[in-house]
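Its first residue numbered 1, the sequence shown is counted upward by one per residue in our numbering.
Just so you know, the hints here were simulated from the structure itself, not pulled from any lab data.
Any given hint could turn out to be false.
What follows is a list of derived Cβ distance ranges for each label pair [stated by the list, open to error]:
1) 250 / 115: 46 to 54 angstroms
2) 102 / 450: 42 to 50 angstroms
3) 381 / 104: 26 to 34 angstroms
4) 42 / 113: 36 to 44 angstroms
5) 360 / 56: 28 to 36 angstroms
6) 422 / 250: 47 to 55 angstroms
7) 88 / 259: 54 to 62 angstroms
8) 57 / 36: 17 to 25 angstroms
9) 295 / 102: 50 to 58 angstroms
10) 453 / 401: 38 to 46 angstroms
Here are the simulated DSS-like pairs of lysine-lysine, each with C-alpha atoms no more than 30 angstroms apart in a straight line [what the hints assert, rightly or not]:
11) 206 / 225
12) 225 / 103
13) 112 / 225
All C-beta atoms, glycine included, are put in the ideal place defined by N, C-alpha and C.
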Amino acid sequence: TGATALAQDAAACPSCFFFSPQNEMDDVPFFDVQLPYELAINIFQYLDRKELGRCAQVSKTWKVIAEDEVLWYRLCQQEGHLPESSISDYSCWKLIFQECRAKEHMLRTNWKNRKGAVSELEHIPDAVLCDVHSHDGVVIAGYTSGEVRVWDTRTWDYVAPFLESEYEEDEPGMQPYVSFVRINSSLAVAAYEDGFLNIWDLRTGKYPIHHFEHDARIQALALSKDDATVATASAFDVVMLYPNEEGYWQIAAEFEVQKLVDYLEIVPDTGRYPVAVATAGDLVYLLKAEDSARTLHYVYGQPVTCLDVSANQVAFGVKSLGWVYEGNKILVYSLEAERCLSKLGNTLGDFTCVNLRDSPPNLMVSGNMDRRVRIHDLRTDKIALSLSAHQLGVSAVQMDDWKVVSGGEEGLVSVWDYRMNQKLWEVHSRHAVRHISFNSHSLITANVPYEKVVRNSDLDSFATHRRHRGLIHAYEFAVDQLAFQSPLPVCRSSCDTMTSYNYDLALTFPSDNI
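Take these sequences, add in the hints, and give me the full structure.
Structural data, given as structure tokens:
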């Protein structure tokens, strides 16, 4: 009864919670003094879970305080468990905290032991995979046939929308290739070789809600992870699209640049006006919707080789050329001050990928043509760890607070425990790894071929797919939540198939002889 009243009062008025009596005990013995209960709670809130456990063994009174619902609710929020919940959602937050910790330990153990379910997402016949992107377990893929497919790997009973293009059905084989695809929580976007752009609303599904057309091929495409901002680069123009209050799409900003754009990213959490960063040869532009294009970085003859952005910083690799060779580096700029904060690395190989947005605070991970994955410490501007990860160059990389997942040009996906400087496992496929995305319980990888022409079409569909068309893998490590041999729904299309397996991945993908 006391815990329920405590939770209800805290939910009703969190700001004044600590200033009203919440327990039948008025005073709490603190050594040789008596303290009010709310003051004791204020002191205990600075303790972690181990310290609360020790305090609970001191006396019955301290045990009541150490098991207070508010204290364990705070711990859950601080460690990222159930961040959207309120204190009134559960009656025993200590038990919830223990369950979340147990699940977290189980997932980490499954990651380390390669134990879980793997699903291979196959696509339509006679088409080659062109590009793949994912967001929170939802995967989008574009093909040489001009078709776009979507899978939802989070649930096994959800039917994802089948995305139609604007091309007529009586033009078989006439659709242009899909150049780029992007997806977030509400939108899917596809850019085509002929300069056309389609935008779908995933909540309404099937047909595009907006079309946009460039005069030339689209060279780069970006979609905000947070809102409905879309940016495209074609020829010497960069366009930002955004729906107005009535839902009608319009051009939010248009910029002219001096060279063809190579990389394009939208800065997250910028508020009312969207902000993007574009690289064009040796130029790096900061593009603000309410301003003209501004040059953030420029060194003649030193092209940019990769790009990533966070809410307040941008990181990009620079290739050093010329008489004075300084080594290839990654530069980190402040978006607010528009100045260089760090110069990282000094390598012979080009930096091919960098991940700043998904990395832990003060850390960043990068991949290089010298086959190494590097973890950079942004506080000291030094390399914290360097891993010899691949046989060819590194093509994709991501890290969290304990592991690194990297993909290589030779088709190898490697998982590392970087705290122990140890490779956990690896999986090999035929084509280069072009997309990696993971969270605590799942991993999405995509092997995209260089060649966009299907060879040996007389072979059976499975063999042709494996050898020439690329493939997408979805790994799920929360094995106790999956049903054995459950089919993953795909795109409402009879020609799309997916095979699902639920087993120990170590038995299928030996890590040493691939």
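Now the hints, each set against the structure:
A beta carbon spacing of about 49 angstroms between residue 250 and residue 115 agrees with the range 46 to 54 angstroms that was offered as a hint. About 45 angstroms separates the C-beta atoms of residue 102 and residue 450, a value consistent with the hinted range of 42 to 50 angstroms. Here the CB-CB span from residue 381 to residue 104 is close to 32 angstroms, well matched to the stated 26 to 34 angstroms. With their beta carbons about 43 angstroms apart, residue 42 and residue 113 fall inside the hinted range of 36 to 44 angstroms.
With their beta carbons about 31 angstroms apart, residue 360 and residue 56 fall inside the hinted range of 28 to 36 angstroms. At roughly 51 angstroms, the beta carbons of residue 422 and residue 250 sit within the given window of 47 to 55 angstroms. For the hinted restraint 54 to 62 angstroms between residue 88 and residue 259, the CB-CB distance of approximately 56 angstroms keeps it satisfied. With their beta carbons about 23 angstroms apart, residue 57 and residue 36 fall inside the hinted range of 17 to 25 angstroms.
In this structure, residue 295 and residue 102 meet the distance hint of 50 to 58 angstroms, their C-beta atoms being roughly 52 angstroms apart. For residue 453 and residue 401, the Cβ-Cβ distance of about 43 angstroms falls inside the hinted range of 38 to 46 angstroms, so the restraint holds. At roughly 21 angstroms between alpha-carbon atoms, residue 206 and residue 225 fall within 30 angstroms of each other, so this suggested pair holds. At most 30 angstroms may separate the alpha-carbon atoms for a hinted pair to count; residue 225 and residue 103 meet this at roughly 27 angstroms.
Restraint check: the Cα-Cα separation between residue 112 and residue 225 comes to about 29 angstroms, which is no more than 30 angstroms; the hinted pair holds.
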